[in-house]
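Could you put together the complete structure from these sequences and hints?
So for the sequence shown, UniProt numbering puts the first residue at 1; every next one is plus one.
One should not assume that every hint holds.
[What the hints assert, rightly or not] If you anchor each label on the Cβ, the simulated ranges turn out as follows:
id : residue 1 : residue 2 : range
1  : Val450    : Thr426    : 15 to 25 Å
2  : Ile2      : Trp295    : 46 to 56 Å
3  : Gly485    : Lys328    : 53 to 63 Å
4  : Arg294    : Gly485    : 47 to 57 Å
5  : Asn222    : Glu68     : 22 to 32 Å
6  : Arg48     : Val450    : 35 to 45 Å
7  : Ala54     : Ala284    : 56 to 66 Å
[Said to hold, decoys possible] In the BS3-like style, the derived pairs of lysine-lysine whose C-alpha atoms are separated by at most 30 Å in a straight line are:
id : residue 1 : residue 2
8  : Lys444    : Lys503
9  : Lys405    : Lys387
10 : Lys229    : Lys250
11 : Lys405    : Lys229
12 : Lys328    : Lys137
13 : Lys107    : Lys176
14 : Lys378    : Lys250
15 : Lys107    : Lys328
16 : Lys290    : Lys137
17 : Lys387    : Lys444
18 : Lys503    : Lys385
19 : Lys250    : Lys290
20 : Lys488    : Lys405
21 : Lys137    : Lys176
22 : Lys387    : Lys503
23 : Lys290    : Lys378
24 : Lys444    : Lys385
25 : Lys385    : Lys290
26 : Lys405    : Lys378
27 : Lys50     : Lys488
28 : Lys107    : Lys229
29 : Lys137    : Lys229
30 : Lys405    : Lys385
31 : Lys328    : Lys176
32 : Lys503    : Lys378
33 : Lys290    : Lys328
34 : Lys405    : Lys444
35 : Lys107    : Lys137
36 : Lys503    : Lys488
37 : Lys444    : Lys378
38 : Lys405    : Lys250
These are computed hints drawn from the structure, not numbers from a lab.
Note that the Cβ used here is the ideal one computed from N, Cα and C, for glycine as well.
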Amino acid sequence: MILSSLIENLGLPLVAGDGGLELSDLTDDSRRVSEGCLFIARDTGDDRWKTFAADAIERGAAALVVPEAIEVPPGVGLVVGAGEGSGPIDQRLAGRLSARFFGEPAKRLKLIGITGTNGKTTVATLSQYLLNAAGMKCGLIGTVTIDHGSSEGPLTAELTTPGAIDLHRHFVEMVKHGCGACAMEVSSHALDQGRVDGLEFEVAVFTNLTQDHLDYHGTMENYAAAKAKLLGLLSESGVAVVNCEDEGLKLIELSSVEQDVVLSAVADERGHADASAWPSEMTASGSSAKFEGRWDAFDANLPLTGDYNLMNALQALTAAFALVPNAKCDWAQSIANCPPVPGRLERVQTSTAEVHGECPSVLVDYAHTPDALSTVLKTVHPLTKGKLICVFGCGGDRDRTKRPKMAAAVAEVADVLFLTSDNPRTEDPRQILSDTEAGVPRGKREALTVEIDRAMAIESAILRATANDTVLIAGKGHEDYQILGNEKIHFDDREQAAAALAKWVEQHDS
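Structure follows, in structure tokens:
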């Protein structure tokens, strides 16, 4: 695409260079600039963008979009943003430029956006699976993976919702590989920063709203307002799927929504919901329920346990059905074949444990908020014959006010607590532990072990367990790294737990 066509009618004046420049690509990361690329220097609020612009020129950028005019070599195009009509050079503008550059790929996909504090990954994964089963090939963008529908398999995700330019790049790949839809997690940060502005969603799913990210948003009201922005991106014929059991979602005003709103609930005794899941049996390996909604009611066995997973499946089913209401699909069979989600109540096993037979049940879960911890512990507790042991920690450089609340949530349900490091980042791990430990009631202090080394905490918890106990390792789930300072090192709770479980078997076989 030529530069003049890309910036036409966007209020972006070309102040140097030739509008006929042919652009090979675009990016807002100077490290990814290649010959012939357009570099978008997002306004950093200081002069750092000038350093990035100079780096982009050094790497062969054909043109730059910058907050203010700078000197550029002859032949390099210079577009000045932040003028009348363009707004600031931010994710919103990057999204408008990338959508145009890549040929509006999102318009060829039916988008499902999933937002909420907890459950986004599971709802997105199940939505993709159900649509594929119903005959509509669906891509996936989320916390764990990005799936273009390619035979090469999914990519590892870096952010829950990628930046605007990368989003459109992913949409291009999905269209290329025959996808007709995309299920994507939409974080509050992405909504607040405008990464998804300009997209039009056919379905918006709201899972729940509990405390998280207050280090960024400041208040729950601001957090809710960011989430609510997804409603403004619904198409005229779009559908909002909302968990009507969640108290936090009451902060989001639904009365002004002109589009279709489907309220979802598990065991809807009050009769408020449009879609319901009625559980009949719950085991460690799954749950059975009747699913009622705009489809013909059916009974199904879901290979995921807990009422919260029934809600996740119900919302995914409602979203998929909204896109393919006439699909000739056995929804009950599809629900029964739903895939496990990495790091979400993922069972850890080793070959030695399987041979041994009786051994502790070890689960790894991503729960890293007070509500998520409480929910997953209350799900696992009644399925545990012996004691429930929980290994948990809190991340550094994040909302400090939730730390004691997380400890209180664990102390309320777990029999034995191991408090350890999560991703300390640049904070002192000991201070994080101290902040968190303050939430453990006096009466539960004897059940608490504080171990700063996460690997040691996991091993100690598993070796302390009996064959009837359950060990829940919470906080990191699918993550295969730990962030210490500014360094990311390899660390996988599942690997650590498998090694400890093998050691447990060895000790009990001797």
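Hint by hint, here is what the structure shows:
1. Val450 to Thr426: 15 to 25 Å: 21 Å, holds
2. Ile2 to Trp295: 46 to 56 Å: For Trp295 against Ile2, whose Cβ atoms are near 49 Å apart, the range 46 to 56 Å holds.
3. Gly485 to Lys328: 53 to 63 Å: 55 Å, holds
4. Arg294 to Gly485: 47 to 57 Å: For Gly485 against Arg294, whose Cβ atoms are near 51 Å apart, the range 47 to 57 Å holds.
5. Asn222 to Glu68: 22 to 32 Å: Roughly 30 Å apart at Cβ, these two residues keep to the hinted range, so it holds.
6. Arg48 to Val450: 35 to 45 Å: Since the Cβ atoms of Arg48 and Val450 sit about 40 Å apart, the hinted range of 35 to 45 Å holds.
7. Ala54 to Ala284: 56 to 66 Å: For Ala284 against Ala54, whose Cβ atoms are near 58 Å apart, the range 56 to 66 Å holds.
8. Lys444 to Lys503: 28 Å, holds
9. Lys405 to Lys387: OK: Lys405 and Lys387 at ~22 Å, within 30 Å.
10. Lys229 to Lys250: 15 Å, holds
11. Lys405 to Lys229: Given that 30 Å is the threshold and the Cα spacing comes to 28 Å, the pair holds.
12. Lys328 to Lys137: The hint holds at about 15 Å.
13. Lys107 to Lys176: 13 Å, holds
14. Lys378 to Lys250: Measuring from Cα to Cα gives roughly 23 Å; hence the hint holds.
15. Lys107 to Lys328: Holds, because 25 Å separates the two Cα atoms, which is no more than 30 Å.
16. Lys290 to Lys137: 26 Å, holds
17. Lys387 to Lys444: Holds. Lys387 to Lys444 sits at ~14 Å (cutoff 30 Å).
18. Lys503 to Lys385: 22 Å, holds
19. Lys250 to Lys290: OK: Lys250 and Lys290 at ~26 Å, within 30 Å.
20. Lys488 to Lys405: Holds, because 27 Å separates the two Cα atoms, which is no more than 30 Å.
21. Lys137 to Lys176: 12 Å, holds
22. Lys387 to Lys503: 20 Å, holds
23. Lys290 to Lys378: Roughly 22 Å between the alpha carbons, so the hint for Lys290 and Lys378 holds.
24. Lys444 to Lys385: 20 Å, holds
25. Lys385 to Lys290: It holds: about 27 Å lies between the C-alpha atoms, which stays within 30 Å.
26. Lys405 to Lys378: 16 Å, holds
27. Lys50 to Lys488: 28 Å, holds
28. Lys107 to Lys229: Status holds; Cα separation ~19 Å.
29. Lys137 to Lys229: 27 Å, holds
30. Lys405 to Lys385: 27 Å, holds
31. Lys328 to Lys176: Status holds; Cα separation ~25 Å.
32. Lys503 to Lys378: With Cα atoms ~28 Å apart, Lys503 and Lys378 stay inside 30 Å; holds.
33. Lys290 to Lys328: OK: Lys290 and Lys328 at ~19 Å, within 30 Å.
34. Lys405 to Lys444: 14 Å, holds
35. Lys107 to Lys137: 15 Å, holds
36. Lys503 to Lys488: 27 Å, holds
37. Lys444 to Lys378: The given pair, whose Cα atoms are some 17 Å apart, holds under the 30 Å limit.
38. Lys405 to Lys250: 21 Å, holds
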